[in-house]
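> Following the hints, complete the assembly by docking chain G onto the known chain U.
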Amino acid sequence: MATFKDFRNKVKPNWCPGCGDFSVLAAMQRAFANIGLEPEDVAIVSGIGCSGRISGYVNAYGFHGVHGRALPIAQGLKLANRDLTVVAAGGDGDGFAIGMGHTIHAIRRNVNITYIVMDNQVYGLTKGQTSPRSQIGFKTKSTPNGSIESAISPMEMALTVGAGFVAQSVSSDLKQLTHVIEEGINHQGFSLINVYSPCVTYNKINTYDWFKENLVNLNDVEGYDSSDRGMAMKTLMENNGLVTGIIYQNKESQSYESLIKGFKEEPLAKQDLQISKDQFDKLVAEFM
Amino acid sequence: MKKQLSWKVGGQQGEGIDSAGETLSTALNRKGYYLYGYRHFSSRIKGGHSNTKIRISIEPTRSISDELNILVAFDQETIDLNSHELVKDGIILADAKFNPTVPEGVSARLIAVPFTEIAQEVGMAQMKNMVAVGASAALLGLPVDAFQEVMEERFLRKGQKVVDKNMEAIARGKEFVESESLDLPDYKLEPSDGKKRLYMIGNDAIALGALAAGARLMAAYPITPSSEIMEWLIKRLPEFGGTVVQTEDEIAAITMTIGANYGGVRALTASAGPGLSLMTEAIGLAGMTETPAVIVNTQRGGPSTGLPTKQEQSDVLAMLYSTHGEIPKIVIAPSTAEECFYDTIQAFNLAEEYQCPVIIMSDLALSLGKQTVEPLEYDRIEIQRGKLVTDEEELPELANSELFKRYEFTEDGVSPRVLPGKKYGLHHVTGVEHDETGRPSESPVNRKKMMDKRLAKLKNGINFKEPVFLDTKHEEADLLIIGFNSTRGTIHEAMERLEAEGLKVNHAHIRQLLPFPTEIVAEQVKKAKKVLVVENNATGQLTSLIKMHVGMADKLVYFGKYDGNPFLPSEIYNQCKELLVHGHI
Numbered sequence: 001m002a003t004f005k006d007f008r009n010k011v012k013p014n015w016c017p018g019c020g021d022f023s024v025l026a027a028m029q030r031a032f033a034n035i036g037l038e039p040e041d042v043a044i045v046s047g048i049g050c051s052g053r054i055s056g057y058v059n060a061y062g063f064h065g066v067h068g069r070a071l072p073i074a075q076g077l078k079l080a081n082r083d084l085t086v087v088a089a090g091g092d093g094d095g096f097a098i099g100m101g102h103t104i105h106a107i108r109r110n111v112n113i114t115y116i117v118m119d120n121q122v123y124g125l126t127k128g129q130t131s132p133r134s135q136i137g138f139k140t141k142s143t144p145n146g147s148i149e150s151a152i153s154p155m156e157m158a159l160t161v162g163a164g165f166v167a168q169s170v171s172s173d174l175k176q177l178t179h180v181i182e183e184g185i186n187h188q189g190f191s192l193i194n195v196y197s198p199c200v201t202y203n204k205i206n207t208y209d210w211f212k213e214n215l216v217n218l219n220d221v222e223g224y225d226s227s228d229r230g231m232a233m234k235t236l237m238e239n240n241g242l243v244t245g246i247i248y249q250n251k252e253s254q255s256y257e258s259l260i261k262g263f264k265e266e267p268l269a270k271q272d273l274q275i276s277k278d279q280f281d282k283l284v285a286e287f288m
Numbered sequence: 001m002k003k004q005l006s007w008k009v010g011g012q013q014g015e016g017i018d019s020a021g022e023t024l025s026t027a028l029n030r031k032g033y034y035l036y037g038y039r040h041f042s043s044r045i046k047g048g049h050s051n052t053k054i055r056i057s058i059e060p061t062r063s064i065s066d067e068l069n070i071l072v073a074f075d076q077e078t079i080d081l082n083s084h085e086l087v088k089d090g091i092i093l094a095d096a097k098f099n100p101t102v103p104e105g106v107s108a109r110l111i112a113v114p115f116t117e118i119a120q121e122v123g124m125a126q127m128k129n130m131v132a133v134g135a136s137a138a139l140l141g142l143p144v145d146a147f148q149e150v151m152e153e154r155f156l157r158k159g160q161k162v163v164d165k166n167m168e169a170i171a172r173g174k175e176f177v178e179s180e181s182l183d184l185p186d187y188k189l190e191p192s193d194g195k196k197r198l199y200m201i202g203n204d205a206i207a208l209g210a211l212a213a214g215a216r217l218m219a220a221y222p223i224t225p226s227s228e229i230m231e232w233l234i235k236r237l238p239e240f241g242g243t244v245v246q247t248e249d250e251i252a253a254i255t256m257t258i259g260a261n262y263g264g265v266r267a268l269t270a271s272a273g274p275g276l277s278l279m280t281e282a283i284g285l286a287g288m289t290e291t292p293a294v295i296v297n298t299q300r301g302g303p304s305t306g307l308p309t310k311q312e313q314s315d316v317l318a319m320l321y322s323t324h325g326e327i328p329k330i331v332i333a334p335s336t337a338e339e340c341f342y343d344t345i346q347a348f349n350l351a352e353e354y355q356c357p358v359i360i361m362s363d364l365a366l367s368l369g370k371q372t373v374e375p376l377e378y379d380r381i382e383i384q385r386g387k388l389v390t391d392e393e394e395l396p397e398l399a400n401s402e403l404f405k406r407y408e409f410t411e412d413g414v415s416p417r418v419l420p421g422k423k424y425g426l427h428h429v430t431g432v433e434h435d436e437t438g439r440p441s442e443s444p445v446n447r448k449k450m451m452d453k454r455l456a457k458l459k460n461g462i463n464f465k466e467p468v469f470l471d472t473k474h475e476e477a478d479l480l481i482i483g484f485n486s487t488r489g490t491i492h493e494a495m496e497r498l499e500a501e502g503l504k505v506n507h508a509h510i511r512q513l514l515p516f517p518t519e520i521v522a523e524q525v526k527k528a529k530k531v532l533v534v535e536n537n538a539t540g541q542l543t544s545l546i547k548m549h550v551g552m553a554d555k556l557v558y559f560g561k562y563d564g565n566p567f568l569p570s571e572i573y574n575q576c577k578e579l580l581v582h583g584h585i
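Line order of the protein sequences matches chains U and G.
The first sequence begins at 1 in my numbering and counts up one residue at a time.
The second sequence begins at 1 in my numbering and counts up one residue at a time.
Worth flagging that the hints you see were computed from the coordinates, not collected in a lab.
Glycine residues also receive a C-beta, built at the ideal position from the N, C-alpha and C atoms.
Each hint should be verified, as a subset may be incorrect.
Claimed, not checked - Below are the BS3-like pairs computed for lysine-lysine, each with C-alpha atoms no more than 30 Å apart in a straight line:
#, chain 1, residue 1, chain 2, residue 2
1, U, LYS277, G, LYS527
2, G, LYS504, G, LYS577
3, G, LYS235, U, LYS270
4, G, LYS465, U, LYS5
5, G, LYS158, U, LYS282
6, G, LYS527, G, LYS504
7, G, LYS547, G, LYS526
8, U, LYS264, G, LYS387
9, G, LYS529, G, LYS547
10, G, LYS465, G, LYS526
11, U, LYS264, G, LYS423
12, G, LYS423, U, LYS5
13, G, LYS527, G, LYS473
14, U, LYS127, G, LYS235
15, G, LYS235, U, LYS261
16, G, LYS465, U, LYS282
17, U, LYS277, G, LYS448
18, U, LYS10, G, LYS158
19, U, LYS282, U, LYS264
20, U, LYS175, G, LYS527
21, U, LYS270, U, LYS282
22, U, LYS270, G, LYS526
23, U, LYS264, G, LYS235
24, G, LYS473, G, LYS422
Unchecked claim - Simulated coverage check for chain G against chain U, where a stretch passes if three residues somewhere in it have a Cβ under 8 Å from a Cβ of chain U:
#, stretch
25, 161-174
26, 377-389
As the list claims (entries may be wrong) - Which chain U residues stay away from chain G? Per the calculated CB distances, all over 10 Å, these:
#, residue
27, GLY18
28, ILE104
29, GLU213
30, ARG229
If we strip away everything but chain U, and leave its shape as in the complex, we get:
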């Protein structure tokens, strides 16, 4: 059986020392091993940006696509081969700016994949511009007078559009992070995991210390019930979204694949391409 070390490769990440993404990488590798997956069972599809490089740092199949489109690529891959564990990953710009449309529709569609957003509330690879997750007043190279656009609340948004699995964690809590990724992968349907992954270079506000002070672990909230969507929404609003843990899970969720009429258990990619003469004749008869 594979251990988390089997999911490591020899590539040295080009992230800054102290970047939150290192923990996401480690947590991912641990989660795969804990579930009992082998490297060939896993495919990571990532977007563009610092975090997008993550698919190249895991010893598994990896597809590093174009900016904002990790989700449709990942869904296509999963539909082609439902035996694979498909994880999409990228930054908050990737998922909540350029790719927001796909995020919403991937949630609605509910293909059985896991989406990990490495949320640092700033654009890193382009060297420090505002992100749709930046708080109002946040000063960057593109917002020298401070951001004047309101920040997206991804967890509330996800609940609103019908997500079946919504979780949040932070890079400094490897244990919780590993746990929510495992649960996300095990969930039947689309799972969204937002990870506060501090950018030590361009975000001097939302730092490790800042999160330590401001985040509320849902385990510490008495009576919190992650199957209660209303409670999830209320708790998020009361805490300005700054909570960690599994925020909401619908355990009855049925994946898109399981609802497609005629869709077989055997992956499409393994099925015979040839149709029989008999089948062909029947298809053609329609046009006579």
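Chain G alone, transformed into the frame defined by chain U:
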């Protein structure tokens, strides 16, 4: 008796016009007549003038005709807009209900048939279109029972009574014309060969071709004139374990297609100009990651939203060049519904053989024009997957954290491809420049080698059957006509007329636009004194392409049409005459 004639039905959109055309043409197809149908419609659901023109012949025909013999009108607007097309002894069958009149200068004969009144007597006003079919059958000399099967197929699920009522409507329409009208021109059709053939639109043939090629997943966003492809496949794919995903936009459609192909299923997407514009970045991703992908572009009137329901061929250069950077890409352009079927199968093979995006470019007239197709041959369905390694045992073992060389440098540039899920196939894929294992690399040496490798794949031509359709019997021709996509039949018809006058005319129809079949085209251009390039666009895109690849610019004359309508045979004929007589147009 007639060897061929044209029939048109028109009225307000939603009035049963399509259904009248379908009924008549299905019956005629089963009798063995060759047909070509073209719909004029607007970008709206109800209301607005709409018509369907069907050419009926005992010989193969792939073009709308200049003339019209029979016009069926459900309103005065239909008569006002279309009667100028009628031949001198043409006939208008119009609903007596609206007191039809014939515009001044039109010599066609008007027969007012109480379509609505008869339909109401039979049981329901909506059946007026079947009364019109019956009235038409009287002129064409078709027996009522020619429609029995069609009516049963359409209405039996609603009960025998509905079938009988519709048959009665047809019979009553026929009786009315037969009893009322004397001295009518003879529009009875000559007997056909009675052979069984198919009658389908290009989009049907593309969809069927995709399924036959083994495509099991389609991701698409609805758009005119490509939606029929997704609609047909969603009906049929479940039987074969596959599905169609209606995505949130065309970017999702193409990237999902790429993800699915990477996963190993044959997947496609289809769209029209606006959608293709959105897809261009991702097409570059497919090129860079060497992922097979089949993309259908059913061209329509551009730019921007343009003329969504009208014919145009103005995406040629965009399809060839619109992605940033330089990638290997194949663009093919079928010109008949039959070719839509076989070329789509080839497109899937090419995509896997060369591991690159393949664009099947069609146009509205080809995608939606309905034409007779000779029986499609099952034995011609061949599936080739190129260098796909399917046998796990062929893969050499990988040491710990070593990767499979998905982008291995090879002589022909094509690397072995392995699908995710294989133990010794682990590799990375990225749109960033990469090394043989797919890991990002900025090394100038690797960069050059990788660019050369990718571009080498198509450098020596591709394995596409019949890159140019040639009807070129003259060693020295007065004129060569070049076209692509739906103009094939129209050019053929113009050519036949010119030939009948003793002129030597060759016809080359380009079916492979990228890589451009330079040698084949050059040879034909050399053999001709003049060359007319016929294209439905305003800037002569194909003409430019030929000039760029073939040269001999002084021989080339561009003839364009971009008013939203397909060429008529007479338009091409007249331009050819002009060119031959005056040396220019």
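> All the hints need checking, so say for each whether the structure fits it.
Now the hints, each set against the structure:
no.	hint	result
1	U:LYS277 <-> G:LYS527	44 Å, violated
2	G:LYS504 <-> G:LYS577	12 Å, holds
3	G:LYS235 <-> U:LYS270	22 Å, holds
4	G:LYS465 <-> U:LYS5	50 Å, violated
5	G:LYS158 <-> U:LYS282	23 Å, holds
6	G:LYS527 <-> G:LYS504	11 Å, holds
7	G:LYS547 <-> G:LYS526	13 Å, holds
8	U:LYS264 <-> G:LYS387	27 Å, holds
9	G:LYS529 <-> G:LYS547	16 Å, holds
10	G:LYS465 <-> G:LYS526	23 Å, holds
11	U:LYS264 <-> G:LYS423	23 Å, holds
12	G:LYS423 <-> U:LYS5	16 Å, holds
13	G:LYS527 <-> G:LYS473	11 Å, holds
14	U:LYS127 <-> G:LYS235	49 Å, violated
15	G:LYS235 <-> U:LYS261	11 Å, holds
16	G:LYS465 <-> U:LYS282	27 Å, holds
17	U:LYS277 <-> G:LYS448	47 Å, violated
18	U:LYS10 <-> G:LYS158	68 Å, violated
19	U:LYS282 <-> U:LYS264	22 Å, holds
20	U:LYS175 <-> G:LYS527	77 Å, violated
21	U:LYS270 <-> U:LYS282	24 Å, holds
22	U:LYS270 <-> G:LYS526	50 Å, violated
23	U:LYS264 <-> G:LYS235	16 Å, holds
24	G:LYS473 <-> G:LYS422	54 Å, violated
25	161-174	violated (count 0)
26	377-389	holds (count 3)
27	GLY18	22 Å, holds
28	ILE104	8 Å, violated
29	GLU213	37 Å, holds
30	ARG229	23 Å, holds
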